[in-house]
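Chains as they are written, first to last, in my numbering: chain A, 1 to 185; chain B, 1 to 185.
A hint or two may mislead.
Note: identical chains are not told apart, hence a pair may lie in one copy or across any two.
Unchecked claim - Mimicking BS3-like on lysine-lysine, the simulated pairs with C-alpha atoms at most 25 angstroms apart in a straight line are:
#1 Lys-41 / Lys-119
#2 Lys-117 / Lys-41
#3 Lys-119 / Lys-159
#4 Lys-93 / Lys-115
#5 Lys-138 / Lys-78
#6 Lys-93 / Lys-78
#7 Lys-115 / Lys-75
#8 Lys-159 / Lys-78
#9 Lys-41 / Lys-75
#10 Lys-115 / Lys-41
#11 Lys-115 / Lys-66
#12 Lys-117 / Lys-75
#13 Lys-66 / Lys-41
Hints are computed from structural coordinates only; laboratory data are not their basis.
There are 2 protein chains.
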Amino acid sequence: MLYFHPVTSFLMAEEKKSGVTSNLKAKIVIQQCLSATLQVKPQSDGVEAEYVEIDRGVVLYVCFLKGADEETVEKMAKFALNIRLSEALTGSKLVSILDLPGDILVVPQATLGGKAKGKMMQYHSNISKDTGRELYQKFVDLCEADIARNARTSEANCKVRGGTYGNRQVLSLQTNGPFTHTMEF
Amino acid sequence: MLYFHPVTSFLMAEEKKSGVTSNLKAKIVIQQCLSATLQVKPQSDGVEAEYVEIDRGVVLYVCFLKGADEETVEKMAKFALNIRLSEALTGSKLVSILDLPGDILVVPQATLGGKAKGKMMQYHSNISKDTGRELYQKFVDLCEADIARNARTSEANCKVRGGTYGNRQVLSLQTNGPFTHTMEF
Numbered sequence: 001m002l003y004f005h006p007v008t009s010f011l012m013a014e015e016k017k018s019g020v021t022s023n024l025k026a027k028i029v030i031q032q033c034l035s036a037t038l039q040v041k042p043q044s045d046g047v048e049a050e051y052v053e054i055d056r057g058v059v060l061y062v063c064f065l066k067g068a069d070e071e072t073v074e075k076m077a078k079f080a081l082n083i084r085l086s087e088a089l090t091g092s093k094l095v096s097i098l099d100l101p102g103d104i105l106v107v108p109q110a111t112l113g114g115k116a117k118g119k120m121m122q123y124h125s126n127i128s129k130d131t132g133r134e135l136y137q138k139f140v141d142l143c144e145a146d147i148a149r150n151a152r153t154s155e156a157n158c159k160v161r162g163g164t165y166g167n168r169q170v171l172s173l174q175t176n177g178p179f180t181h182t183m184e185f
Numbered sequence: 001m002l003y004f005h006p007v008t009s010f011l012m013a014e015e016k017k018s019g020v021t022s023n024l025k026a027k028i029v030i031q032q033c034l035s036a037t038l039q040v041k042p043q044s045d046g047v048e049a050e051y052v053e054i055d056r057g058v059v060l061y062v063c064f065l066k067g068a069d070e071e072t073v074e075k076m077a078k079f080a081l082n083i084r085l086s087e088a089l090t091g092s093k094l095v096s097i098l099d100l101p102g103d104i105l106v107v108p109q110a111t112l113g114g115k116a117k118g119k120m121m122q123y124h125s126n127i128s129k130d131t132g133r134e135l136y137q138k139f140v141d142l143c144e145a146d147i148a149r150n151a152r153t154s155e156a157n158c159k160v161r162g163g164t165y166g167n168r169q170v171l172s173l174q175t176n177g178p179f180t181h182t183m184e185f
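Let the sequences and hints guide you as you build the complete structure.
This is how it looks when you write it as structure tokens:
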């Protein structure tokens, strides 16, 4: 049985409300990891749950807000792949995930669009679920293309994995320092 | 041997630079977890590393910027403890971590103060390490006091655990949905 988290139900309801204008189009949270596992299909009717896995690299939690488009996705992917936040395998230099080279796990995370109102979070600025899913897939595709194009990541067989948009993100993360960064677009 | 992550070295250097004024005083990232483990003392000279652990609850990544004071810490703790982001154990209601009731892991995360400049992150707005450590401890103390005062959390023996300020945050996280939220103060 598919179960929707209350936040997901909220988001579905919020879609129907009128738009709230803002310059903010997307948010990303970046964490460094040694390994991470994410469920892409929940267990159902005796069929086991399915997971994807990455080794050393980054976990990218992404959220698209109203007004986000392909240009937003391109900017965000360019930023995430080139910003120097990963510890080089030797020495103490910070390098990009492409230069590490490392794996990438992209987690859909619509909750990042939340704004507090009293003791509740509201998600009025979130993009519609259908457009969000498209932009999310575009983001994963761009990461995959760049990982394949880059000499270091392709030689090292680095991989890009993504979650299932709209699902509960059952996640396991191991890190020797998440060095969490947030970025808005 | 103590090893400083390049970001930590950066932060140490940034402390010495002149202040950058901003209204932003603190940032927090909140993730829901089933369990989490955090290193509080790294392995050294044959002595094993030490860890703290929480069960179901929240992981709070906190960062203080220049201008943060006790009032900032109080606002942030009040927010984190009362915002309704946790799934109730029965039903589909969202409740506060106090009402869940659940555990709290506070992770010092100075990297949240980062601002991108080209391909690098800069941490000019971060508070000095000494003041940051004080405010961090104050935040943990406030969480502990509220958990002890609250009937639900104290009856359920919920716990607050914190990392070691300035250390590498070796973290392991299991979640059935991080439902990541960010908040600025």
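Hint check results:
Proximity of Lys-41 to Lys-119 under the C-alpha cut-off of 25 angstroms is found in neither arrangement, the shortest distances being 32 angstroms within a copy and 35 angstroms between copies. Proximity of Lys-117 to Lys-41 under the C-alpha cut-off of 25 angstroms is found in neither arrangement, the shortest distances being 33 angstroms within a copy and 38 angstroms between copies. With identical chains, the CA atoms of Lys-119 and Lys-159 are at most 25 angstroms apart between copies only, with a shortest distance of 22 angstroms across copies and 39 angstroms within one. Taking CA atoms no more than 25 angstroms apart as the test, Lys-93 paired with Lys-115 passes between copies only; the shortest distance there is 18 angstroms, against 36 angstroms inside one copy.
Within a single copy, Lys-138 and Lys-78 get their C-alpha atoms as close as 13 angstroms, which meets the 25 angstroms cut-off; across copies the closest is 38 angstroms, which misses it. Only within a single protomer do Lys-93 and Lys-78 lie at most 25 angstroms apart by alpha-carbon distance; the minimum there is 20 angstroms, versus 38 angstroms between protomers. With identical chains, the CA atoms of Lys-115 and Lys-75 are at most 25 angstroms apart both within one copy (23 angstroms) and between copies (16 angstroms). Taking the closest pair of Cα atoms, Lys-159 and Lys-78 come within 25 angstroms of each other only inside a single copy of the chain (17 angstroms); across copies the shortest separation is 41 angstroms, beyond that limit.
Within a single copy, Lys-41 and Lys-75 get their C-alpha atoms no closer than 29 angstroms, and across copies no closer than 39 angstroms, so neither meets the 25 angstroms cut-off. In the homo-oligomer, the alpha carbons of Lys-115 and Lys-41 never lie at most 25 angstroms apart, since the shortest distance is 29 angstroms inside one protomer and 36 angstroms across protomers. Proximity of Lys-115 to Lys-66 under the C-alpha cut-off of 25 angstroms is found in both arrangements, the shortest distances being 14 angstroms within a copy and 23 angstroms between copies. Only between protomers do Lys-117 and Lys-75 lie at most 25 angstroms apart by alpha-carbon distance; the minimum there is 14 angstroms, versus 30 angstroms within a single protomer.
In this assembly of identical chains, the alpha carbons of Lys-66 and Lys-41 never lie at most 25 angstroms apart, being 27 angstroms within a copy and 44 angstroms across copies at closest.
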